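Enquirer: Chains as they are written, first to last, in numbering that gives the first Met the number 0: chain A, 0 to 985; chain B, 0 to 169; chain C, 0 to 410; chain D, 0 to 83.
These are calculated hints, taken from the structure and not from any lab test.
None of the values given here were measured: they were computed from a predicted structure.
Heads up, the beta-carbon is just placed ideally off N, CA and C, and yes, glycines get one too.
Misleading hints may appear alongside valid ones.
Mimicking DSSO-like on lysine-lysine, the simulated pairs with C-alpha atoms at most 27 Å apart in a straight line are [as the list claims (entries may be wrong)]: (1) A/K144 with C/K264; (2) C/K29 with A/K134; (3) C/K96 with A/K134.
FRET-style restraints, in silico, Cβ to Cβ [stated by the list, open to error]: (4) A/W137 with C/K1: 14 to 24 Å; (5) B/V120 with A/A109: 55 to 65 Å; (6) A/R426 with C/P20: 30 to 40 Å; (7) C/P20 with A/R26: 49 to 59 Å; (8) B/P118 with A/A109: 56 to 66 Å; (9) A/A474 with B/R119: 17 to 27 Å.
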Amino acid sequence: MTEEFRNPSGGRIQRGCPISFQFNGRRYTGFLGDTLASALIANGVSVVGRSQKYHRPRGIMSAGLEETNAFVQLAGNDDEPNRLATTLPIHDGLVAHSVNATPNADFDVASLLGFFHRFIPAGFYYKTFMWPRDKWDWYGRRIRKIAGWGTAPAKPEGGRYEHRNHHCDVLVVGAGPAGLSAALGAGRSGARVLLVDSDSEAGGKLLSDNLTINSRPALEWLDNTLTELDLMPNVIRLSRATATGYFTDNYLTVLEECPDKPWVRERLWKVRAKRVILATGAIERTLLFANNDRPGIMLASAAMTYCLRYGTRPGNTAVVFTNNNSGYRHAIGLVKAGVAVTALIDTRKDADSKLRGDAADSGIEVIADARVISAKGRRRVSGVSISVGKDQSRRRIRCDLLAVSGGWNPAIHLYSQSGGKPIYSERIASFVPGESVQNERSVGACSGDLTLQSALAQGAEAGREASRLCGFTGADVATLDCEHEPDPCVDPVWDCSLPGSQSSAFIDFNNDVTSADIRLAMREGYRSVELVKRYTTAGMGIDQGKSSSVSIVGLIAEIADVEPGSVGTTTYRPAYTPVSFGAMAGPIKGRLIVPWRRTPMTDWFLDNGGHLDETGAQFRRPLFIAKANESASEAVQREGLAVRNQLGIYDSTPLGKIIIQGPDTVAFLNRVYSNNWDKLPVGRGKFGFMLYEDGRLLDDGVTMRISDTQYLMSNSAGMADVVLDHLERLLHIHWPDLKVYLTPVTDQWAVVCVCGPQSRRVLHDAGIDIDISGEAFKFLDTRLCTVAGLPARISRVTYTGELSFEVAVATRHGLTLWNALIAAGQKFDITPVGSDTSMLLRTEKGFIAAGLEGDGYADIYDVGMGWLVSEKKADFVGKRSLEKNRRSGGKRPEVVGLLPHDRNFVPPKGAPVVEYGDDQDEPRQMGMVTIGFYSPNLGGSIALAQLRDGRSCLGQTATIFTNAGVETASICEPVFIDPDGERMRG
Amino acid sequence: MSGYNAKLDAIPRKGMLDLRGDAEAVRLCGETLGCRFPEEANAKIAVSDHSALICLSDDHWIFETADGLQVEILQQLELAAADQFHSFCDVSDMYAHLVLSGPEAIEVLAQCVAIDIHPRVFGPGSTARCAFADTVAQVSCLDSSPAYEISVLSSYERYSIDWLLMAIGS
Amino acid sequence: MKYSGFNLALQSLFKHRGWQPAWRAAEPRKAYDVVIIGGGGHGLGAAFYLAKYHGITRVAVLEKSWLGGGNTARNTMTIRDNFIYPDSARFHREALKAWRGLSEDVNFNVMLSERGMTTILMSDRDLSDARRMINTTAMFGAEHRIIGVDELRRRLPLMDNSERFPVVGGVDHPEVTVARHDAVAWGYARAASRLGVDIIENCEVTDIVLDANGVAGVETSRGRIETRKVGMAVSGHGTQVAAMADVTLPVETCPLQAFVSTPIKPVIDNVVVIRSLNTYFLQTDKGELVMGSVANPYPSFSQQGSSAIPERTLASILQLFPAFERLKFMRQWAGILDLTYDNSPIISKTSTPGFYVDVAGSGGFKTTPLAAKMHADLIAHDRPDPLIEPFSLDRFDTGRLILERASYGNR
Amino acid sequence: MMYIPCPHCGHRNADEFVYGGDSDKRRPENPEEVSDAGWSDYIYSVPNVKGVAEEYWRHKRGCNRWFVIQRDSRTDRMTQCSGN
């Protein structure tokens, strides 16, 4: 297909590199350097999509990020929804189609909706669909189907996304004349500069206008500047890199869409800059008149861009509609580019006479004091209707391009994200940055100063200033002369459509919001700009109000008859432009999503049937270690029997360990534990309970005195971090005068626990150099020794109620020890056990777990551990709350055992235990099951429960409520095996 | 061809001591080791050919030496500081050490740490304890090739290796 | 004029000129029977129920900015009842039911959709916590149920397995509902206004006037108003407003962020919760995916947000839904929540007679109608309904906290 | 992402730190002498200052030390840092 709208020469495209692509099923050709939008214009494609609500045909409106219409779905290898055609470079094999159009953009069946538009104004759904009662969902499901833009891909592309942290002295956002000039000023001083620009080519407006600098074409200056910047080792320049977010303390995110490494799909830079220079330019806005959304209506600056930068003609016969001086420059520029401009319609009465003269010299008829009131044509504009002068005489002018210039909105989005409050400037009838609240400065068009001269001057000055503030002496940047550009002199007209017009004048193209919608919202009392936006959805579409938000404020001000400045603007939120989920998420995929901490035994478990699960503290350890063809419960039962009858082995490495040392250690332990620590001899350990200050249970564990001065505390694996934080906090904030150091040493040790009647023998067989007989080495003793030839610490502690020994060796020896014990234990049929089994065994023994039986507001007495509360101590953490809460009366949730009457019924964790009152059918909950098991050692099910006033119910019957029905159980003491502890002490 | 021009090596464990103590304890230890303890956080000094001291904060240091030597040094230090407020622990097995090197090592490291590692501010001899991926590491610049040593908690070793290999992209 | 399909069609013939303001823009009067501070869903709802059920119509709702501009405007619209403690399970169950018929009651479509929710479970701990929640809530008639991995895959065909945490199952929450958040405020405002309630925007309460009998009035940016009863229904500034009545609340203000994608055609019907990764998302009627995660880990009144939480949230979503990697993150925002010590609501009398508080505790959109009803009932009768007794301020004297971990702002 | 000035390590990203509460919140010397109401207040209430407050932060993923710093809760700007 030929490119009938491509000029024979000109533009920055590479005509030697033709590129073939598909759009809406048809093949087209463009050139390297084209965007999809420019290539479509060159090929004369007018309709590129359909609008969100009314499915109106839409064409390309702009040439940049502010595009509101040209969203496409990429297909094939690039499957991706909602890409902007105006920023998408074409490449060979590109396949794109319009979104929101069935079967295609040229003929869309849903466009019938357009004929019903009067029935569905803003917020119509709030007023209807209420019948039948609560059946909105039925309507909603149907509406959802026609809503939305693109389609989510069905499978991942699998690209590599990178995050890169970066520090610099000066971050310059935008590589237009102001940004380049700033980068030059800062770069020459030696400061570390990062210059980012969203476009594929630096230069900003220099690329789409015939400007001069020092009487030479501005493009020469551009080339020289880029050459100089690229030679500076202290300057990094990124293209197609958009600053998307501006956060606290000069932290910005920059999305680089086409990084230097081809295997990186996208890279998100996280930049911490000492100074930020915002040179983000300004966005032209459109004007409101009937059918202002027809294909062929385009921003005047965009029309220039398509002519000059891409060598295309966005139309053959143009009308320019403006309310400010920049329209003149663009009208003349279009003529020079080969577009016949028949008329320039200016809303103002008395435009600058020189400009009018220049326009007339170019053969353009200037019609002053006139407005376009409506556009003609459906799939392409064919003419405009204008109203001229006070008497509002009508006139029609034919055209196939309507270039609109409604004034300029400084791109203050990043400034607003930085926390700044924009202020309204009457000079340009738009919002400009107010005071800086971070180390930031806006220069050039985004500061509200639209001329090239001031962009260059402000940029250079800001670059010098920023580098000086970072401690670099600024090098000079020569003052440059540019041709005179007149002040814009904007006429703030916000709606040119005639009152009562049957056709819509769109203010937000993304969400199909019209000026009539805004008026309706205001009439219905939604008067604050936020309410108007929310009620009509204006400014809430994909472009995030880039094109519409100032016009919305202007129109509201006009309707309410107030100053736009008093209406206020909305706060812009990140992201400036949409960012792919992949780029946001970055590289942490697969197993890297959360760290996986390992013990030396982790691989052994993976190789031997261990069923790993979260332990807490990012460890994974086995719930059980299944043999071939064994179910989970079979494995747990087998392991449970082995520990009680023979020998089990358990990896205790994840338990938290803290070395506590210092002259005030005993005082410290006394304050953090509920029991008394005054007289612990060296080589002995003691069980303790720690409380939160609010009286709840925090954690339990054994602390050993391992030398005159050192204590070793253990914590539950999942609580290790919480406990350490708790202790550090007490020490540093509340008791800074206590001389105690805490050193976490969890990772130093691998800890293996052997448990069961044969555990003493297995240690003998593996080789141990100390006497561990019951007399010489008692329950809660600890010693240094050698086990299996490895230097070790051995301790007698238990989590199962069986005779058990915990052996700790340096991490590097962990697996050696494990293997040695497994080998020595073969004759006792040593059984590796998992944490589910450990839970079963502790339940049999009635050992409580702070996180289960201590759930909710249960305290240390409720869980039957009142004996651990020292009566002698005046204070310990939690004591005061404990007293207060118990004194305030009421029945307590107390821990009891349950023996289900159906010995095969295992009470599920969390099942409510209920009572039925005499006169009520509704059961009332008196507590819940905290854990239940089938005990292989007892040959029946057991459970622990937390019951209101539970201790007084011993011997009574409990009713357990499950969604399968109701079961009963006897309430008993919470211990089922070895109540006197003979086994563990033996 | 994909991936950065950088490589990752695991190096053997070192002898490491975690030293905490008041000024007097530190002074006495300094005498024993024949050096002055550095006072600025993230400062590192060489104590001898094979040992170094890293300051973590005003009462916390890490002493690094060749594996095996730490036991005796710990005894000497304990003896020296016996009467002072201190806590010394052998933490040689707590840390695993990785070395990331190659022309593009900085581009790899910039993916996992957020501190400024530009050669102007983080050249050879610099060290910092900082967030590394989703854990913590002691990161040191060894030379300007560049090469970085990354010491992580032992239980995070595999995670850290996986992370770095992913970042290198090989 | 009543909102109905008929009137909408009729108005279409007249260019919708006939619609009246949804609520009267009232000027503050000298005195009211009740003043509600805070024009969000909770406050406007309380005013509506005072007028509707208790015949108290001399009521003013004072809003310092625009209606529904606080957390009513900044939440993820989800109404759920998966709580673990009996008191809160019962309360949230009733709260979920209280939404039914709301559109009809206020004659404003709040777009209630029973979308259902699916929780993805990725550890044994997740699974056992889910069982506990199901057992507890079943007492109150809730219909949550565990589903296997196969059924989970059928419901969420785009779900992949997670390498780090293999998926072990899911929970189906068929009754979980979403509603259009802004519409709740507008609907209540319109209905309350029609019953005579004065809705006063841009009116900031600067002080609460106290005398020997308790509350005597409020000072506002638009003058003094006399009243004997004040109901506080603010979020984000509960500490500051309560302090004006000499009441100290156990709350801390934390930002909670949410994120939204560019709109796409429907891909997911349910609200999806990835429990182990503290992440949830849903798709709105407009086609945007709305996503959320945990509250900021430190208190703040800044609504600026950070980049770390959205990055983490999206990584979590891609862990299970890798096909979403080319969808686009469009906007992030933050609401500021008054998180209570135990993450449960406070609907209570206070030590100052005539001063009542309704503090959501951890994001209160889901409880709006019930909390508003209970608050209105409390103000009208000066005693709490049994349903809200456990949520009174007393619990901080007795230590009987309702420590809900199922809430967003985990402590 | 706040850039928090740790008195030992210098500026670091906020994700290396843990918030530690208001610096006024000190555990009473003798809890038994505090009234029930006073104790509840100590346990459950926080100043929740809107504006500049002095608070504890801990450089958990760095030197692991606690320090006091002033922060404006309206903007998250940290204004002054004193060693502790």
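Enquirer: Each of the hints needs a verdict: does it hold here or not?
Expert: Going through the hints against the structure:
1. Between A/K144 and C/K264 the CA atoms are separated by roughly 7 Å; this keeps the pair inside 27 Å, and the hint holds.
2. Of the pairs offered as hints, the one joining C/K29 and A/K134 is violated, with about 43 Å between alpha carbons and a cut-off of 27 Å exceeded.
3. Restraint check for C/K96 and A/K134: the C-alpha separation of about 15 Å stays at or below 27 Å, so the hint holds.
4. At about 21 Å, the beta-carbon gap between A/W137 and C/K1 stays in the expected band of 14 to 24 Å.
5. Between B/V120 and A/A109 the C-beta distance comes to about 58 Å, which sits within the given range of 55 to 65 Å.
6. The supplied range of 30 to 40 Å is met by A/R426 and C/P20, whose beta-carbon atoms lie about 35 Å from each other.
7. About 55 Å separates the C-beta atoms of C/P20 and A/R26, a value consistent with the hinted range of 49 to 59 Å.
8. Judged by the Cβ atoms, the range 56 to 66 Å given for B/P118 and A/A109 holds: they are separated by roughly 59 Å.
9. Checked against the hint of 17 to 27 Å, the C-beta distance between A/A474 and B/R119 comes to roughly 18 Å, which is consistent with it.
Of the numbered hints given earlier, the model fails hint 2 alone.
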